[in-house]
Amino acid sequence: DAGVTQSPTHLIKTRGQHVTLRCSPISGHKSVSWYQQVLGQGPQFIFQYYEKEERGRGNFPDRFSARQFPNYSSELNVNALLLGDSALYLCASSLRSRDRGNSWSTEAFFGQGTRLTVV
Amino acid sequence: QKEVEQNSGPLSVPEGAIASLNCTYSDRGSQSFFWYRQYSGKSPELIMFIYSNGDKEDGRFTAQLNKASQYVSLLIRDSQPSDSATYLCAVNPPNAGNMLTFGGGTRLMVKP
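In order, the protein sequences belong to chains A and B.
Quick note, the numbering used here runs 29 ahead of the 1-based positions in the first sequence.
For the second sequence, position 10 matches number 2 in the numbering used here, and the numbering has no gaps at all.
Check the hints yourself; a few may be wrong.
Derived Cβ-Cβ restraints for the label pairs, each shown as a range [claimed, not checked]:
1) Pro86/B <-> Pro90/A: 20 to 30 Å
2) Ser4/B <-> Asp91/A: 41 to 51 Å
3) Gln72/B <-> Gly69/A: 16 to 26 Å
Which stretches of chain A does chain B cover? Using the computed rule of at least three CB atoms under 8 Å from a CB of chain B, they are [as the list claims (entries may be wrong)]:
4) 58 to 72
5) 80 to 88
6) 115 to 123
7) 136 to 147
Heads up, incomplete: computed chain A residues facing chain B, CB under 10 Å, no partners named [stated by the list, open to error]:
8) Val33
9) Gln35
10) Gln77
Since the hints were made in silico from the structure, they are not lab data.
Even glycine gets a Cβ: it sits at the ideal position worked out from N, Cα and C.
Let the sequences and hints guide you as you build the complete structure.
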């Protein structure tokens, strides 16, 4: 079975440009989350999508946006790139989203990431 | 105070020893806890998860959870040089869907 796939694996962009990153979750998984990992730090949550709806948003500016498609794949878009956006962007796939107030949870599996360099 | 804290290391242990990695979290209502291993230049790989107080063992790995002390640990028995990596502790806060809050990671070095 294919794991989480992300494209492209590496990308170099110039300040001010726009970028689109893509993610295909594990077959059967309906929840996709995006994380940004700056060198030397742990991943930071950007967005979560479940059943094509945004279910969570981290502390990132409006330049960051995302969407999920009917086949559960997802795109992360970043506008007006800054040097500080250089990072490893990770997509995580989960079987389902945890409902508010419920105790169950589910594990998240990461793709290989997209290394974005802004120059 | 950071939400999830880990000692950045490096933690150096000899081959065959037990490596003990620790993590504390601030949100007392958190229910789910995860350990990821990340090799340099690679993405995080899920190695353990624990939801209940106590110990959970999987092969050479044991996760320990103490919700009263807001403390999670990972023990790696019979450490191998291939275990050398950064270990990330992640916590799923309450009412946050599948969002994970990560610590900064602990770099483990296993010396032959």
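Evaluated hints:
no.	hint	in the structure
1	Pro86/B <-> Pro90/A: 20 to 30 Å	holds, 26 Å
2	Ser4/B <-> Asp91/A: 41 to 51 Å	holds, 44 Å
3	Gln72/B <-> Gly69/A: 16 to 26 Å	holds, 25 Å
4	58 to 72	holds (count 7)
5	80 to 88	holds (count 3)
6	115 to 123	holds (count 4)
7	136 to 147	holds (count 7)
8	Val33	holds, 9 Å
9	Gln35	holds, 9 Å
10	Gln77	holds, 5 Å
Taken one by one, the earlier hints all hold for this structure without exception.
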